[in-house]
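J.: Each chain, letter by letter, is given below.
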Amino acid sequence: MIIAIPVEQKDPDACVSSTFGRSGYFLLFDSQTNDFHFLESTFATGQSAGIRAAQLMIDNHVGVLITNRCGENAMRLLSAGNIQVYQTIAGSARDNLERCLAGTLSRL
Amino acid sequence: MKIAVLSGKGGTGKTFVSVNLAYIQDHAAYVDCDVEVPNGHLFLPMDRASFEPVDVMIPSVQTDRCNGCRACVDFCAFHALGYAGGQVIVFDNLCHNCGGCRLLCPQKAIIEHPYNIGSIRTGNFEHVHVVSGSLNPGQMQGSAIIRRMIAQTRPFPNQILDCSPGNSCHVVQGILEADMCILVTEPTVFGANDMRICIELLKLYNKPFGIVINKSLDTRNYIKTFCREQHIKVLAEIPLQPELAVLNANGQLAAKQPEYRRIFQKMLKNAHSLVAPQNL
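Protein sequence lines correspond, in order, to chains A and B. Each residue of the first sequence is one higher than the one before, counting from 1 in the working numbering. Each residue of the second sequence is one higher than the one before, counting from 1001 in the working numbering.
A couple of the hints might just be wrong.
Selected chain A positions facing chain B (Cβ under 7 angstroms, derived; list incomplete) [said to hold, decoys possible]: (1) Ile58; (2) Asn60; (3) Arg69; (4) Leu77; (5) Ala80; (6) Gly81; (7) Ser106.
Keep in mind that the hints were calculated from the coordinates and are not lab data. Here a beta-carbon is modelled for each residue, glycine too, at the ideal position from N, C-alpha and C.
All chains, please: the whole structure from these sequences, using the hints.
T.: In C-alpha cells, the structure reads:
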C-alpha cells in the first residue's frame, strides 16, 4: 500500500502542507518495503492543481492520502480512483504516517 | 463603430461610461459582457426582455469504446478530464468546449451533449438595444456567451461592449471584436497600475485605444503625466462630483442632463478620431 502526504519540503520531518493540490512536494511511503520518496509538483501555481494532484496520486498507485483539506473536484477523482483520504493531525509528515499506520486517523 | 470599454481595475466606471455612450448614440446596441456580474440593465432597464438559455457542447465518454489510452486527458489544457478507476472522468464546469478531445480520440469514444452555462436577455430601453449575458455561478466559460451576444448585435452600426474588469479571456473577447477600446481609469494608485497592465494587453492586439479618467480631480495626476509621456490620448475626464455619484446610485443616466451629455459626446468624438475611416 502506498501512502501519500503533501509536504512543504523534501523531508519526512517536514510539516504537512496546508493544501493538497498546491503542495510543492508529495511524500510517497510504501508500507510493504518501508521505503519512501518524494514527488515534486510541477503545477503548484497553475490551474486545476487539485485535479492534477489527484491524477498524480492515481498514476503513482497511491492507496491512501493524508491531507489537511481537499477540494470537491480532486475528491471526486480520488474517489473514482479508490483512494482513501484521511485528515491530517498537527505535526510532521512522519507523525502523520505513524498515526496512519496505527489506524488512528479519521477519514476526511 | 464598435467600442470595447475596459478598465483593468474594477469600480472605475466602465458601466457608467458604457451605458451613457450607448444612450447618446442612434442605432446603438449596449452589450453587457461582464457576464459574471452584469449590471448595465440597472441603468437601461429592458422593456419586455426576451430570455435565451446558452448551452455549450461538452464531452461524455462511451466507456464501452474507450481503451484507456488517455489521449484526451493528456490533451485537455484545462484539466477538465481525469482518468481513474479505468475510466475517463469529465469535470463539466471546467470544460471550455474546444472539442479537441473528441477529435483526438482514436476510438471515437467521445460524444458531445449540450450543457447549460448561462443565459442572454435582450430588450430595449428607449432607443437603445440592450443585450445582457449572465454566466451561471461556478461556470468558467463565459466567453461562449460573449461571442454569441456579439454575433447577435453585429447588424447594429454602433455597439458598446461593456467588458469585465481585469485582463481575462472574457475581456479579450471584447477587444478582438472592437474597432477601438476605451480604458476607463481613476486617479488612484490601483487605477494607474491596472490601467498599465491593460495597456500591455491592448498593445498585443494592436487596437487603437484612449483613456477616460473618471472621478478626476482638478489637480495634476500621474495618469495624465503617464498618458502624455506615452503619447496616449485622454478622450475625456469626468469630474469627481457628488451629483454624479447620486445619479449613478439611483440608476439614472447622467447623459440625460446636458452638462454631462457634452462630456460623453466629446468622448465619442475623440474615440472616432482614433480610428481611421477605412477601418470602420
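J.: Work down the list of hints and note, for each, if the structure agrees.
T.: Hint check:
Because the smallest distance between the Cβ of A/Ile58 and any Cβ of chain B comes to about 5 angstroms, under 7 angstroms, the interface hint for this residue holds. At about 12 angstroms, the closest approach between the beta carbon of A/Asn60 and any beta carbon in chain B exceeds 7 angstroms, and the interface hint on this residue is violated. Because the closest C-beta pair between A/Arg69 and chain B is about 18 angstroms apart, greater than 7 angstroms, the hint is violated. About 4 angstroms separates the beta-carbon of A/Leu77 from the nearest beta-carbon of chain B, less than 7 angstroms, and the hint is met.
Of the supplied interface hints, the one on A/Ala80 holds, with its beta-carbon coming within about 4 angstroms of a beta-carbon of chain B, less than 7 angstroms. Because the closest C-beta pair between A/Gly81 and chain B is about 4 angstroms apart, less than 7 angstroms, the hint holds. Interface hint status for A/Ser106: violated, as the beta-carbon distance to the closest one in chain B is roughly 23 angstroms, over 7 angstroms.
Checked against the numbered hints above, the structure breaks hints 2, 3, 7 and satisfies the rest.
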